[in-house]
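Student: With chain R held as given, fit chain W onto it using these hints.
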Amino acid sequence: MRQVAVTGLGAITALGGDVAAFAAALADGRCGVGPLTRFAYTGRCALAAEVPEPAPRGSACDALPRATERRLSRPDRFALVAVEQAVGQAGLDVPALRTAALFVGATVGGMAESEEAYRRRQTGEDRRWRMSRLVGTPLSTTAAAIAQAFAVHGPRATFSTACSSSALAVAEAATAVRSGRADVALAVGTDALCRVTYAGFDALQALDPRGCRPFDRDRGGLSLGEGAAALVLEDAAGARARGARILARVLGHASSSDAHHVTAPDPEGRGALAALRGALASAALSPDAVDYVNAHGTGTRQNDEMEVRVMRTVFGARLPHLPVSSTKAQLGHCLGAAGAIEAVATVLALDGAFLPPTATLRVPDPAWSDLDLVPVAGRRQTSEVAVTSSYGFGGHNVTLVLGRGG
Amino acid sequence: MDRNALFAEVKQLLVTGLRLDRPAGEIPDDSPIFGDGLGLDSIDALELVVLVEDRFRVSIPDEEVGKRAFASVRSLVDFIETERG
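Residue numbers (our numbering), protein chains in the order written: chain R, 1 to 406; chain W, 1001 to 1085.
Isolated chain R, as found in the complex (with noise of 0.2 angstroms):
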């Protein structure tokens, strides 16, 4: 059975535009969430996690006719950027790109710019429907995007599953490589902040107007973000054939359903539980493996407790010596993309020998005051295996787990 190999990784995220800075904030501690400005909203929260503008413009865009660039959605100009950069760093050359599978995650689309063009219609800017507004929306637009401007030709899927999306593009990537579908596979998540799902998180009350604090007792909600990120993964004998850094291993992923709510987690994690379990199964490991824990840690009230409880359970009198921190304090809650950024930053954790830590945690909810929840700024630690989960609503969970390179 082949190994897989991650030897790529691309980033844009309020904590900056490639993978260094990307780096260098998450060792810090430093919060990318402030003030909302991508568009006017008076609701209970103000704050967002943002790509300023203006977004650097990926260099793959000039292999794009100038027509197709110019209607590029953000979300699709960001993951423009990811995948340079990942393909960069891998070194990958024509002819294997030209093989490469494609996942793509993401949730939004091109909604932000249908928005705009709903309100240049209405407020009679616009005196009937303008098609070019509209052209980004779906999310398949992305993968055309990666794909024109690339030259890849192999297999290619969207995935949309809410806030597990990207995981599962990653998760899929590693499927096809392990199995020989593809030699190559670039796993990429993008979303950009829209109003729909701002003013929807809004409006049920999950954002927290002061800043998400995931595990603490005060907190009150998540902080919504944006940005991509993209990993190259590829077969690890091929990689090592050319000389290529293995930065970490893929060794095994799981996805499960809830069937419980649309939008709250089953309280018991029964569907967290068995991503968690399959994941490490898949993985041939027994949870005593795990050096680190990524967490989905949104800062909800319900899903942190439901996290805690499904880790109780697999890790039990171990956890307290697991280290297990929520990266999403310092990126908000990217969504769609939220799977690949924090597979992203748990690559970087194994191969840069540091745990990300939970920045605005303060005070830790006292159920969980054995925990180690990394509070406030990161450390090093070499760790040989972790794990990064993803629960999306409707009860879309991915686990993913992670191995140290070399």
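The hints are simulated quantities; they were obtained by calculation from the structure and are not laboratory data.
Any given hint could turn out to be false.
If you anchor each label on the Cβ, the simulated ranges turn out as follows [said to hold, decoys possible]:
#	chain 1	residue 1	chain 2	residue 2	range
1	R	R210	W	A1045	47 to 53 angstroms
2	W	P1032	R	V196	36 to 42 angstroms
3	R	Q205	W	K1067	52 to 58 angstroms
4	R	A203	W	A1005	45 to 51 angstroms
Everything numeric in this text was worked out from a predicted model, so none of it was measured.
Even glycine gets a Cβ: it sits at the ideal position worked out from N, Cα and C.
Tutor: Same frame as chain R, but now just chain W:
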């Protein structure tokens, strides 16, 4: 309307309406609208029909009229002048 002003208005409509990344003043009067000239594609063609019809109160009922009107910036100006009488 003065013909020079009409040229300027058509060019400005192309730039702002289609969000082109170039100054309107740099577009030559005889520039082809499609093909390599301005980097427009078939979706822009649909857009341009809507923009021109709304702005200049003219009708572009079919592809044949569209092809003639959109051959170049100059032919579009000619078309608008003729249609408006």
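Student: The structure should be examined with respect to each hint, and the outcome stated for every one.
Tutor: Each hint, compared with the structure:
A beta carbon spacing of about 50 angstroms between R210/R and A1045/W agrees with the range 47 to 53 angstroms that was offered as a hint. Checked against the given bound of 36 to 42 angstroms, the beta carbons of P1032/W and V196/R, roughly 40 angstroms apart, stay inside it. Under the hint 52 to 58 angstroms, the C-beta atoms of Q205/R and K1067/W, about 56 angstroms apart, fit the expected range. For A203/R and A1005/W, the Cβ-Cβ distance of about 49 angstroms falls inside the hinted range of 45 to 51 angstroms, so the restraint holds.
The structure shown violates none of the earlier numbered hints.
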